[in-house]
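Asker: Chains A and B are the protein sequences, given in the same order.
Residue numbering for the first sequence follows my numbering, beginning at 1 and increasing consecutively.
Residue numbering for the second sequence follows my numbering, beginning at 1 and increasing consecutively.
If you are wondering where the hints come from, they were derived from the structure by calculation, not from laboratory data.
Among the hints, erroneous ones may be present.
[Unchecked claim] The calculated DSS-like cross-link candidates involving lysine-lysine, where the alpha carbons are at most 30 Å apart (straight line), are: (1) A:LYS38 <-> B:LYS59; (2) B:LYS212 <-> A:LYS38; (3) A:LYS179 <-> A:LYS197.
[What the hints assert, rightly or not] Distance windows between CB atoms, simulated: (4) B:THR169 <-> A:GLY91: 39 to 47 Å; (5) A:LEU175 <-> B:ASP18: 35 to 43 Å; (6) A:GLY91 <-> B:ASP70: 25 to 33 Å; (7) A:GLY91 <-> B:ASP106: 17 to 25 Å; (8) B:LYS21 <-> A:PRO36: 37 to 45 Å; (9) B:LYS21 <-> A:ARG96: 20 to 28 Å; (10) B:ALA235 <-> A:LEU175: 17 to 25 Å.
Cβ atoms here follow ideal geometry from the backbone N, Cα and C, with glycine treated the same way.
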Amino acid sequence: MSNSLKDYTCKLLEKNMREDGRKPMDFREISIENNPIKNANGSARVKLGDTEVIVGIKLDVGSPYSDSPESGVLISSAELTPIASVDFEPGPPRERAIELARVTDRAIRESKVIDFNKLCITPKEKIWMVFLDIYPINDDGNLFDAAVIGAVAALYNTVFPKYDEKEEKVLHKELTKTKLPLSCKPIMCTFYKIEDKYILDANAREKSISDCRVSIGTLDKKTVCAMQKGGEGTVTSEEILDLISEAFKRGDEVRKLIK
Amino acid sequence: MGGTGGPDKLIVNGKRLDSRKLDELRPLTIKAGTIPNAEGSCELQMGETKVIAAVYGPKEVLPRHLEESDRAYLSAYYDMAAFSTTDRCRPGPDRRSKEIAKVMRDALAASIILEKYPRTSIAVYVEVINANAGTRCAAITAAAVALADAGIEMRDMPIGVAGGKADDTVILDLDNQEDNFGQADVPLAILPRTKEISLLQMDGHLTKDEIKTIFSMCSKASDNIQKAQKEALLAKYGREKNE
């Protein structure tokens, strides 16, 4: 099937069209539900067409790394649970889950959206740890961009739990009104290459015939904060530069959707 | 069970802390067909407990040696999202979730006509996204809807519901506080048509009479839960039929 689908898709792309009626650089419809998870400190449920992801944030107190004694930490993980796709199996995270978590982590971390220095409680001893957990509910391609939108939206929803300094205990059931110290909204745009053409936000069918992908994270209309290429094909530097311009433009449209 | 630091009283003047009656279920909402990738799926909310179930299959059996010549191979999987509990839980299966998956599988196997699907596998997956007690019961109710949504033939659509005891009083459908600070918890799966029980667990302290009361409360509740299951399926399929 993949050859005929590929030929068909390429022919459509010649005319700037896609199977589902989108233009090459269009996202699918994006919807964001804020705070669907009551037990999380912050959460978001994101739909990108039929792709759906829940991201939850939990805060806890721990000890800092010795090389950064006064800063908080971010720990990101993703579980590709089998509810989301026939390709996912139960068990500990494998390659794909690890890549999804790390790409999302990098977009958040490198953007410096979280002011980690403000997450210090006692230098060298106690800091806030931010756990970011990604759970795809339905995988119809491009989990990366959905996960980053979910992560940023969830971070903006996050409030601290109470911390009892005397008892040195986090009271997870008692939430304060204090929000995380955040400064910007990184957005990821993932482009898939089919022959010599690129499309944004590929669905599972388009992904299955693609040669490779490039994810570009942006902070605003002029700053790139993360990049990652995946898959076996190759890309040229000119192509990347064009994609960066596209990522600035499309990223800004998505950024406006996050409250 | 029997935890410390809870409220002084769980039941005041015959009402529970969330103002429910003793034999009243939490608000229940069920939606069928929420995951496009799955053959059948369901999202269920019971009070603050929220679960998502998906069914994949009947499909090829992998690994091959698990294939059975006269019936389907049924597998079940139960997982809690890391953010689903007040203290973050480590992602991935632990001993508790493996045990729940096992009893859930057995409870569902009792109602599925597995002989209809020889040499295939049917996989049921449940993800708990917000936990507030009763997750295994919610998982079974949701899994049954997902199985029906997938068109898998069943003798009856099973439901999950828990009975228990708090402040020396028998109650239905325990929430987190009642589970943690109460005296007993009895999760059940029931086939509402025949009232057969396909899952039974218990911890805590109960007399025989109390257990009898719990059984009759749960058996009554099973009809209401199945009604909600059927309404969810009708909401998805009913309209198409009328057209």
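Asker: Could you run down the list of hints and mark each one as holding or not?
Answerer: So, going through the hints one by one against the coordinates:
Between LYS38 of chain A and LYS59 of chain B, the direct Cα distance comes to roughly 36 Å. Violation of the 30 Å bound is thereby established for this hinted pair. Between the alpha carbons of LYS212 of chain B and LYS38 of chain A the distance comes to roughly 34 Å, so the proposed pair goes past 30 Å and is violated. Proximity of LYS179 of chain A to LYS197 of chain A is assessed by CA-CA distance (about 42 Å); at most 30 Å being required, the pair is judged violated. One distance hint, 39 to 47 Å for the beta-carbon pair THR169 of chain B and GLY91 of chain A, holds here, with the actual separation near 42 Å.
Between LEU175 of chain A and ASP18 of chain B the C-beta distance comes to about 19 Å, which lies outside the given range of 35 to 43 Å. With their beta carbons about 29 Å apart, GLY91 of chain A and ASP70 of chain B fall inside the hinted range of 25 to 33 Å. GLY91 of chain A and ASP106 of chain B have their C-beta atoms about 21 Å apart, which keeps the hinted 17 to 25 Å range intact. Between LYS21 of chain B and PRO36 of chain A the beta carbon distance is about 28 Å. The supplied range of 37 to 45 Å is therefore violated.
For the hinted restraint 20 to 28 Å between LYS21 of chain B and ARG96 of chain A, the CB-CB distance of approximately 48 Å leaves it violated. Against the hinted window of 17 to 25 Å, the Cβ-Cβ separation of ALA235 of chain B and LEU175 of chain A comes to about 34 Å, which falls outside the hint.
In summary, the numbered hints that this structure violates are 1, 2, 3, 5, 8, 9 and 10.
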